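A.B. asks: Make a model of the complete structure from these sequences and hints.
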Amino acid sequence: MPTPRSGVASVVGPLIWLVIVLAAIDTSPARAEEPEPPDGALTQILDGVHAEMPVGCSKSDVDRLLRVLCAGHIRIGVRSDYPQFAELDGTHWRGYEIDLARAIARRLGVDVDFVAVTPVNRIALIGVDRIDLAIASIGDNTQRDEQARFVRPHYYESETILVGARDLPLSSWQGAEGKTICVTVGNGSNAELWSHGARLMLFGEPSQLLDGLRDGTCSMVAQDNSFFAGSFAQPDFAGSYAAKLSFAPVPWGMVVALDDTKDLAHALALMTQIFHRDGVLLQMAKANRIAVGFLEQQETVWRRPDCNTARGSNDPACILPPLNAELQPTAFADRVSAVETWLATAIGLKISLPMLETAAAWARLQSGIMNSLILVAGALSGTLAVALVFGALLGSRTKVVQWPMRMLLIALQSTPPVMALVIAATIADVVGHYSSTTLIVAAIAALGLINGANAGQAISEAIMTHRVEPISRNLSELAIFTRGVERAAKQIEAFLINAVKGTPIASFIGTPELLNALTDISSFSSERATTYWLLLVFYIVIIMLVVWLCAGLRWFFHRLSMSMPA
Amino acid sequence: MNAFFAQLPPGLLLQVLAGMAVNLQIACLALVIGLALGAPPAFGRLHQGVLGAISAGIVGLMRATPTFVVMFFLLNVIPPHIRLFGMSFTLSGTMIVVISLVPYSVYYVAESGAESIKQLRLNSPLAALLFLPNLARAFFVLVMASSSGAAIGVHESITTILRQAERMPVAGDRLALFAMGALLFGITLQTGFVLVDLLRRYLADLVTRRATVIPMVDRKELYGYE
Chain A
1036 MPTPRSGVAS VVGPLIWLVI VLAAIDTSPA RAEEPEPPDG ALTQILDGVH
1086 AEMPVGCSKS DVDRLLRVLC AGHIRIGVRS DYPQFAELDG THWRGYEIDL
1136 ARAIARRLGV DVDFVAVTPV NRIALIGVDR IDLAIASIGD NTQRDEQARF
1186 VRPHYYESET ILVGARDLPL SSWQGAEGKT ICVTVGNGSN AELWSHGARL
1236 MLFGEPSQLL DGLRDGTCSM VAQDNSFFAG SFAQPDFAGS YAAKLSFAPV
1286 PWGMVVALDD TKDLAHALAL MTQIFHRDGV LLQMAKANRI AVGFLEQQET
1336 VWRRPDCNTA RGSNDPACIL PPLNAELQPT AFADRVSAVE TWLATAIGLK
1386 ISLPMLETAA AWARLQSGIM NSLILVAGAL SGTLAVALVF GALLGSRTKV
1436 VQWPMRMLLI ALQSTPPVMA LVIAATIADV VGHYSSTTLI VAAIAALGLI
1486 NGANAGQAIS EAIMTHRVEP ISRNLSELAI FTRGVERAAK QIEAFLINAV
1536 KGTPIASFIG TPELLNALTD ISSFSSERAT TYWLLLVFYI VIIMLVVWLC
1586 AGLRWFFHRL SMSMPA
Chain B
744 MNAFFAQLPP GLLLQVLAGM AVNLQIACLA LVIGLALGAP PAFGRLHQGV
794 LGAISAGIVG LMRATPTFVV MFFLLNVIPP HIRLFGMSFT LSGTMIVVIS
844 LVPYSVYYVA ESGAESIKQL RLNSPLAALL FLPNLARAFF VLVMASSSGA
894 AIGVHESITT ILRQAERMPV AGDRLALFAM GALLFGITLQ TGFVLVDLLR
944 RYLADLVTRR ATVIPMVDRK ELYGYE
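One line per chain: the protein sequences are A and B, in this order. Throughout, the working numbering is defined as the position within the first sequence, counted from one, plus 1035. Throughout, the working numbering is defined as the position within the second sequence, counted from one, plus 743.
The hints are all genuine.
In silico lysine to any residue, SDA-like type, Cα no more than 25 Å apart, as pairs:
(1) B:Lys861 x B:Asp940
(2) B:Lys861 x A:Ala1586
(3) A:Lys1214 x B:His898
(4) A:Lys1279 x A:Leu1203
(5) A:Lys1525 x B:Glu854
(6) A:Lys1214 x B:Ser835
(7) A:Lys1297 x A:Cys1105
(8) A:Lys1214 x B:Gln750
(9) A:Lys1094 x A:Gly1107
(10) A:Lys1525 x B:Asp940
(11) A:Lys1297 x A:Arg1179
(12) A:Lys1434 x B:Thr934
(13) A:Lys1214 x B:Arg906
(14) A:Lys1214 x B:Gly915
(15) A:Lys1214 x B:Leu755
(16) A:Lys1214 x B:Ala914
(17) A:Lys1525 x B:Ser798
(18) A:Lys1385 x B:Arg826
(19) A:Lys1214 x A:Met1405
(20) A:Lys1525 x B:Phe883
(21) A:Lys1385 x A:Gln1182
(22) A:Lys1279 x A:Glu1192
(23) A:Lys1525 x B:Val884
(24) B:Lys861 x B:Val793
(25) A:Lys1525 x B:Phe874
(26) A:Lys1525 x A:Met1597
(27) A:Lys1385 x B:Pro823
(28) A:Lys1214 x B:Ala761
(29) B:Lys861 x B:Phe786
(30) B:Lys861 x B:Asp948
(31) A:Lys1525 x B:Phe882
(32) A:Lys1385 x A:Phe1367
(33) A:Lys1385 x B:Leu817
(34) A:Lys1214 x B:Ala925
(35) A:Lys1385 x B:His824
(36) A:Lys1279 x B:Gln750
(37) A:Lys1525 x B:Ala796
(38) A:Lys1279 x A:Thr1461
Since the hints were made in silico from the structure, they are not lab data. It should be emphasised that the depicted structure is a prediction, and the values quoted were computed from it without experimental measurement.
C.D. replies: Next comes the structure, spelled out in structure tokens:
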């Protein structure tokens, strides 16, 4: 008969076996699915490619990685003029991107050939096989994503910063409203600046921004923080200027060709992952004195178990998406492109109409034209109204009325139009909320006052001449005034035309009229020639129309004064 | 008030005056170019037919050309370094403002010049002499208009004032600074107008003293003074 002990033993024994078997069943699959670290995957790729050598070296259409390893050197396109990132000092290359390029070549076991590239040709050179890889401050965006293969994770991230003198009081977007900011054409972040009410002044090259800042042409400039890295490394620059605002972050990616680069891109992605995880990129950045915020953040990301895997570079939770730079086309964008092509092929006229090709630009153009027409109409009516009031008061027989008006006239005549507009905008800002409407009203008031006061002076002088002429002695005051207006019609016409010609100056205070709208469009489309030609033609046509209208107005005043009873 | 003046850097007045010298320089250059380019259409306007029509067309176009837009056109369309007749030129901000003022200058010179020539032909040298004060008036208009250079960062007086204003957080202080700027312009311009008037009187006096064609003239009636 079995004893109780033996009964317990008979239960415990199988239980122990069960636990062992279950443990084995439980742990085996986990071990099989444990994510492979990127280091192993990288070694595996490189070993695989090495195994194809030397036979694969003579084959065509092989992956670029095999070609690089066969050649024993990699051609890397880098900038030669980007302080702290990639600079050529005589024959010596230096900078963060140079260090990264060298680290990649070392890991591949090949030599590196640096090829100087520019923002214009850096992606094109990959396409024509002049370089194997570009590490050249290329922002990863959806548009470029179609032209080349971006290696992700990104090796750096820049953002646009607004730089101005240290004592310039600016800490929020509110302070940028109506201010002039110098930018380079084609910079993707320009749209954000004008959306906050800033007025843009366009330059072709980033170096011109630094010149503008130093010689006082620009009080504020906006550009990539990476561009300013070299300048802020200089104590005198850092002592005088500071970054006021930062916005529009853009991740930077290494770039390879779209075709036959799958292995190369994968190997580079794994290397970047490892460099982030091990703090290699962070150390390089510190050594080159560039901003490290993004790299510190990436180090944390790539140390995470879910990202530190061979598949981490494909995991949306670990990598950053490219910046969405797609602009929605207009419904008639295709037809506009067709017209551009036809003009170029049929008559050799190369024009570009970016204001008609994207929805944002088209909307901006429409509002710009509308606001300009409102300004023109407002400036005309404002000038006329002020002229009549000034004419009546200056031509008054009462000295008490005359003298204050004369003082006001002298003050208005002594104020340059630009300053008058700035004063009007400042008052509008104090009195009401800073908006497009208040700016348009301020501009109309300033233009109306300056031109109307002068026209009013002409009316008052004409009234005076009527008062001394014997023929007018029996005329009523109203009749004298009307005849005075008629006599001063030529002067009134001149100042009405002046007022219309002055409407584009309203752009200086940030009024969203056509000049500002087209400058904004140019700032992100990079097209300037056609845009400014159209602007010039628009205003000349408007002014000619006003000249024609004024002739009609003169005829009207003539008829009015003739019909006026004595 | 003391707090306001404490905000102003010590050399501001000198900087503004130096800027005003740039305004005068721009206006001088624009007027000289305007005289050279405005003279042919001025003579052309006195003719009938094709020559007269072409001159009128040119003057009309110059009149309709807005200075500010021309300035931005030149800034954005014309390359900064240009070669003309084998010589290289760098189009500075100041030159851009000068060129943008030339259409107005040409228009004014052509209109006033044509009127003056007409008066001379009518044997009225006094009326023809009005060309000089008119030219001076155009010069002052050009001085005022040259302040639009502030929009493209030219270092003239308004730019200096606006740069300083940007550093002033209180709107009232900024307005006071603008008023000071307007006062400076006012003193300069009003002095100019007085000088122009004196010149006009002097020339009128000179002409009437030498005139033989209108010996019996009531000077008070004609000039408003004896």
